[in-house]
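> Heads up: the protein sequence lines correspond to chains A and B, in order.
Mapping of the first sequence onto numbering that gives the first Met the number 0: position 52 corresponds to residue 51, and the numbering continues sequentially without gaps.
Mapping of the second sequence onto numbering that gives the first Met the number 0: position 164 corresponds to residue 163, and the numbering continues sequentially without gaps.
Honestly, the hints are just simulated from the structure, not real lab data.
Keep in mind that the hints are not guaranteed to be accurate.
Only part of the chain A face toward chain B is listed, based on derived beta-carbon distances under 7 Å [unchecked claim]: (1) Glu30; (2) Ala58; (3) Leu90; (4) Gly98.
Short, incomplete list of chain B residues facing chain A, as computed with Cβ under 8 Å [what the hints assert, rightly or not]: (5) Ser73; (6) Leu74; (7) Pro90; (8) Leu158; (9) Pro162.
Derived coverage of chain B by chain A (criterion: at least 3 residues anywhere in the stretch with Cβ under 8 Å from a Cβ of chain A; other residues may be distant) [stated by the list, open to error]: (10) 3-13; (11) 23-34; (12) 75-88.
Cβ coordinates follow ideal geometry from the N, Cα and C atoms, glycine included.
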Amino acid sequence: MNTDQITQEIREVNLACLMLAQQLLRTDRAEALYRLGLTEEAAAVLETLTPAQLVRIAAASTLLWRPRVDDELVWSLLASHSRDGSAPAALHASILMAGRAGAAVAA
Amino acid sequence: MRQKSVVAEARQIRIATDLIRLGARLQVLEAETTLSRERLLRLYKELRGKSPPKGMLPFSTDWFMSWQPNVHSSLFMNIFHSVNTAAAIEPVEALTCAYRLYSEQVALLGQPAVLSLTRAWRLLKFFECGMLALARCTRCAGRFVVHAHEPVRRYVCGLCHMPSRAGRGAAALH
Numbered sequence: 000m001n002t003d004q005i006t007q008e009i010r011e012v013n014l015a016c017l018m019l020a021q022q023l024l025r026t027d028r029a030e031a032l033y034r035l036g037l038t039e040e041a042a043a044v045l046e047t048l049t050p051a052q053l054v055r056i057a058a059a060s061t062l063l064w065r066p067r068v069d070d071e072l073v074w075s076l077l078a079s080h081s082r083d084g085s086a087p088a089a090l091h092a093s094i095l096m097a098g099r100a101g102a103a104v105a106a
Numbered sequence: 000m001r002q003k004s005v006v007a008e009a010r011q012i013r014i015a016t017d018l019i020r021l022g023a024r025l026q027v028l029e030a031e032t033t034l035s036r037e038r039l040l041r042l043y044k045e046l047r048g049k050s051p052p053k054g055m056l057p058f059s060t061d062w063f064m065s066w067q068p069n070v071h072s073s074l075f076m077n078i079f080h081s082v083n084t085a086a087a088i089e090p091v092e093a094l095t096c097a098y099r100l101y102s103e104q105v106a107l108l109g110q111p112a113v114l115s116l117t118r119a120w121r122l123l124k125f126f127e128c129g130m131l132a133l134a135r136c137t138r139c140a141g142r143f144v145v146h147a148h149e150p151v152r153r154y155v156c157g158l159c160h161m162p163s164r165a166g167r168g169a170a171a172l173h
């Protein structure tokens, strides 16, 4: 992958995320905030963006969304579930991730 | 209390409809809406095509402590807290929203929704009156449902320290 391809892929992912975020916020706000991991304030701004603005914002060298999972424990639980379908591992990962969403907002 | 405003009543009906669709018992509807018992009964029959089940609701904190219910209750409580802190919504709306997200998540994992909406409501009531609380596991740092006023300094959750029979027996996970 060369640099042009990388930035193009990132732009497409960003644009898809932004459009999905706007759609989710219009469908069910409370649910959307949880799914997206956004604060009410950030969501209020995001909602007002025009398609042209979304396109401009999407053109960036980094992804706009940060991973919800950024530690070894949750990743290994997810990996374990994906490898052998371990239900306890999947539930454990779900609990930790659901808790993380709240912690991020409260911080 | 009589509802005079039609808009307010429409809102109450929407809340009751959400709760009934998610499987709430009549007691939950009576506690969470201002609609009369007769209206709730009619609404219930219209949506479900049958009368609501009779009898008392389960009233015990112990159910939430056994392994599988504890895992599911903890997942629900974590979602509920996230929803409740992120969005400025009424508690009953946070309940239905968190319950939908909980059912969706366990369904995606191919698991049964062990926690019913009525149990989830009961769980929140136990939190409100200080009988149950969330404790942080000292190993994974996740938050889990425990009896309030229990020593939690060395608490280890049921997923970090799985009991040997967990997930087997009648309520098998697999």
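> The structure should be examined with respect to each hint, and the outcome stated for every one.
Hints, one by one, checked against the model:
Interface restraint check: Glu30 of chain A against chain B, minimum CB-CB distance 6 Å, threshold 7 Å, status holds. Hint on Ala58 of chain A is violated. Least Cβ distance to chain B is approximately 28 Å, over the 7 Å limit. Look at Leu90 of chain A: its Cβ gets to within about 5 Å of chain B, closer than 7 Å, so that hint holds up. Because the closest C-beta pair between Gly98 of chain A and chain B is about 4 Å apart, less than 7 Å, the hint holds.
The restraint placing Ser73 of chain B at the interface with chain A holds, with a minimum CB-CB distance near 5 Å, inside the 8 Å limit. Because the closest C-beta pair between Leu74 of chain B and chain A is about 5 Å apart, less than 8 Å, the hint holds. Hint on Pro90 of chain B is violated. Least Cβ distance to chain A is approximately 12 Å, over the 8 Å limit. Contact between Leu158 of chain B and chain A, as hinted, is supported at the beta carbon level, the nearest pair being about 4 Å apart and thus within 8 Å.
Violation of the interface hint for Pro162 of chain B is found here, the shortest Cβ-Cβ separation to chain A being roughly 11 Å, above the 8 Å cut-off. Closer than 8 Å: that is the beta-carbon criterion, and the region 3-13 of chain B has 0 residues meeting it against chain A, so the requirement of 3 is violated. Under the rule that three or more residues need a Cβ within less than 8 Å of chain A, the assignment of the region 23-34 of chain B is violated, with 0 such residues. Check result for the region 75-88 of chain B against chain A: holds, 10 residues qualifying (beta carbon to beta carbon below 8 Å, three or more required).
Going through the hint list in order, the structure does not satisfy hints 2, 7, 9, 10, 11.
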